[in-house]
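Colleague: This is what each chain is made of:
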Amino acid sequence: MGHYLIKRLFWFIPVLWITLTLLFFLLQIVPGDPIRAAFGDQKALSEEQIQTLRTQLGLDKPLPVRYVKWLWDAARLDLGISFYTAATVKEQLGARIPITAGLVILSILIVIFLSVPCGVVAGFYHDKWPDWTLRIVSTLFISLPHFWIAVVAIMALLLLRGTALSIEYFNIFTHPFDAAKQLILPAFIMALRPFGVGTRMIRSALIEILQEDFIRTARAKGLTEKLIIRRHALPNAFVPVITFYGLESIVLIGAAVVIERIFGLPGIGSLVVQAASSRDLYVLQGSILVLLVFALFINLAIDLLYAVLDPRVKYEE
Amino acid sequence: MKNDRKQRRWIQKFLVLGMEEPLGAVGILLLIGLLTLAVASPLLTQRDPVTTTISKVFRPPSNEFWFGTDQLGRDVWSRFVYGSRTSLIVGVGSVVLASVAGGLLGIFSGLMGGKVDLYLQRFVDALLAMPAIVLAILIMAVLGSSVFNTVLAIAVAYFPRINRLTRSTAVVLRESLFVESAKVAGASKIRISLHHVAPNCIGPWLVYASALLGTAFLAEATLSFLGMGVPPPTPSWGRDLSENLTRFEFAPWLCIFPGIGISMAVFAANFLGDSLRNILDPRLKKI
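As you go down the protein sequences, you meet chains A and B in turn. Quick note, my numbering runs 56 ahead of the 1-based positions in the first sequence. Take the second sequence: its position 112, counting from 1, is numbered 105 in my numbering, and each next residue is one higher.
One or more hints might be untrue.
[What the hints assert, rightly or not] One side of the interface only, derived from the structure: several residues of chain A facing chain B at Cβ under 10 Å:
# : residue
1 : Leu79
2 : Gly310
3 : Val329
[To be verified] Negatives, chain A to chain B, calculated, CB over 12 Å:
#  : residue
4  : Arg64
5  : Ile106
6  : Ala157
7  : Leu165
8  : Val172
9  : Pro173
10 : Ala235
11 : Phe270
12 : Gly278
13 : Lys282
These are calculated hints, taken from the structure and not from any lab test. Quick caveat: nothing in here was measured; it's all calculated off a predicted structure. Beta carbons: idealized from backbone N, C-alpha and C, even for Gly.
Make the full structure from the sequences, and use the hints.
Modeller: Here is the structure:
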């Protein structure tokens, strides 16, 4: 277990490096350079001003130098400045991280705590009414675009209560309950699709496992159905599903970008959208980097969970 | 007469499909509807979707304007009809690009094996670690918004998944007996990959591509919704929806119809993808 943990933590570094490299080179394909992309068409800056900015930001240096500088700056968490407000990217990100982190983590928790019991119920009552209901519901949730559900939810709130969106947001780390109350609706809407897929997966994994020989043995021993599900079937059904939760949490980070924009949540996602539409490329680069690191951390956590739940991983060298 | 019988057989086949996979049949019908909207747009509406009429703004749905008009007096029905074109062109275009590029690269990587495979797949790993929609947003910001760039961005964001899938199929096929015998017979690498490996990858590849169609429709709507994607004034359901969110209270029709359009397209593609998977992957059907 300890061995696996250390190995997994070391693996984090090369993945982070590849991600940083990829992010750097993606921004290199901007036609012209970032300054021209942001201001070029508007003729807001004179040619001299552009040149001065280029020198200031080090854009006149050759590619390898800029690449090393980017890695070094990223290691020191210096992510550059915004073209428009001149605030450092780090400053802008600070207050936004808790909102996005809270939203995504809350959403993952909702997915896990809803899809596991629902999947078990559907699998256990295979082809009976609870199964059919859950299958229809999950198909619906998988197919409905989440931003359309969000729009409809906001409209409904507007019509019912007259207000839908908060002005001030609480920090999830200092005021967990107040923040969770504000984030619960968007987190729930984000959770619908992965809930649908997760329920389906647990259901079919459980159905398959309940036909295995060792379950028959357990029944023959006279164990109760409850115990069979909890002790024998579920741990086995979980293993493929955990991988799915890991992949799905990456998708949830993507969904957060859209949902934050709709609900007006001042998280990293809305910063990504704002920076992308104004082509404020350093802010975009920095905020996407934070999202990616967040995705890597979630995957790390899921992998460690995997090790806890799957006995085979523990003994692996 | 013969033609008539042929036609009836078609209908029969469709009815059988409808019995076994009712949602898939609904998906096909909806997609045919979408295709009709896109192909026959000039027949379905006489009004131009981008012409503004300042004297006729915010008209609710009526006999004259079926879906009402927007803040610039543009006919919402026309924008709905022409919006299907954008959705279909970008959706199908990006799926074709992603699945052809991802498929070929996957077969290449799987057949080459060794170092090429290793490094190529680590690169794909890094792409897979990113949320696809964020990657698409990044590419749109870098390239600027246009129809072609939207197709490109969605394709780049989703090709790693197809790549992984065809690669794993190709790796299995590489070790199979018939590839071995083709090698012994002296077939070239290109011949082996195109004549022997590629045809056997088509099943899973097709299933994944069809599942991707719904995602691509949604991605286009999302990008346009966020203000990237297809540039105005080109009609796009996603953009029309986001532009009119603030007007929902007094002009709900401006949000409802584009929303229905997006939902129907995504629904149709997902239903079809699900049914195709059930039909082509018998292992799943059993459970």
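Colleague: Take a quick look at A/Phe270 and tell me if its Cβ sits farther than 12 Å from every Cβ on chain B, holds or violated.
Modeller: Given a closest Cβ separation of 18 Å, the condition holds.
Colleague: Taking C-beta pairs only, is A/Ile106 more than 12 Å away from all of chain B?
Modeller: holds (18 Å)
Colleague: Grab the minimum C-beta distance from A/Gly310 to chain B and call the hint holds if it beats 10 Å, violated otherwise.
Modeller: holds (3 Å)
Colleague: Was the hint right that A/Leu79 lines chain B, CB cutoff 10 Å?
Modeller: Constraint on A/Leu79 satisfied, holds at 8 Å.
Colleague: Please settle this one: A/Pro173 was flagged as non-interface, so is its CB more than 12 Å from every CB on chain B?
Modeller: holds (19 Å)
Colleague: Does A/Lys282 clear chain B by more than 12 Å, comparing its Cβ with all Cβ atoms of that chain?
Modeller: holds (22 Å)
Colleague: Holds or violated: is the Cβ of A/Ala157 farther than 12 Å from all Cβ atoms of chain B?
Modeller: Non-interface label stands for A/Ala157: nearest chain B Cβ at 14 Å, farther than 12 Å.
Colleague: Can we trust that A/Ala235 is non-interface, i.e. its beta-carbon lies farther than 12 Å from all of chain B?
Modeller: It holds; A/Ala235 is separated from chain B by about 22 Å at its closest Cβ, greater than 12 Å.
Colleague: Holds or violated: is the Cβ of A/Arg64 farther than 12 Å from all Cβ atoms of chain B?
Modeller: holds (14 Å)
Colleague: Holds or violated: A/Val329 as interface residue toward chain B, Cβ cutoff 10 Å?
Modeller: holds (5 Å)
Colleague: The output says A/Gly278 does not contact chain B. Does that hold with a beta carbon cutoff of 12 Å?
Modeller: Nearest chain B Cβ is 27 Å from A/Gly278, so the label holds.
Colleague: Non-interface claim for A/Val172: all C-beta distances to chain B beyond 12 Å?
Modeller: Given that every Cβ of chain B is farther than 12 Å from that of A/Val172, nearest at about 18 Å, it holds.
No hint from the list above goes unmet by this structure.
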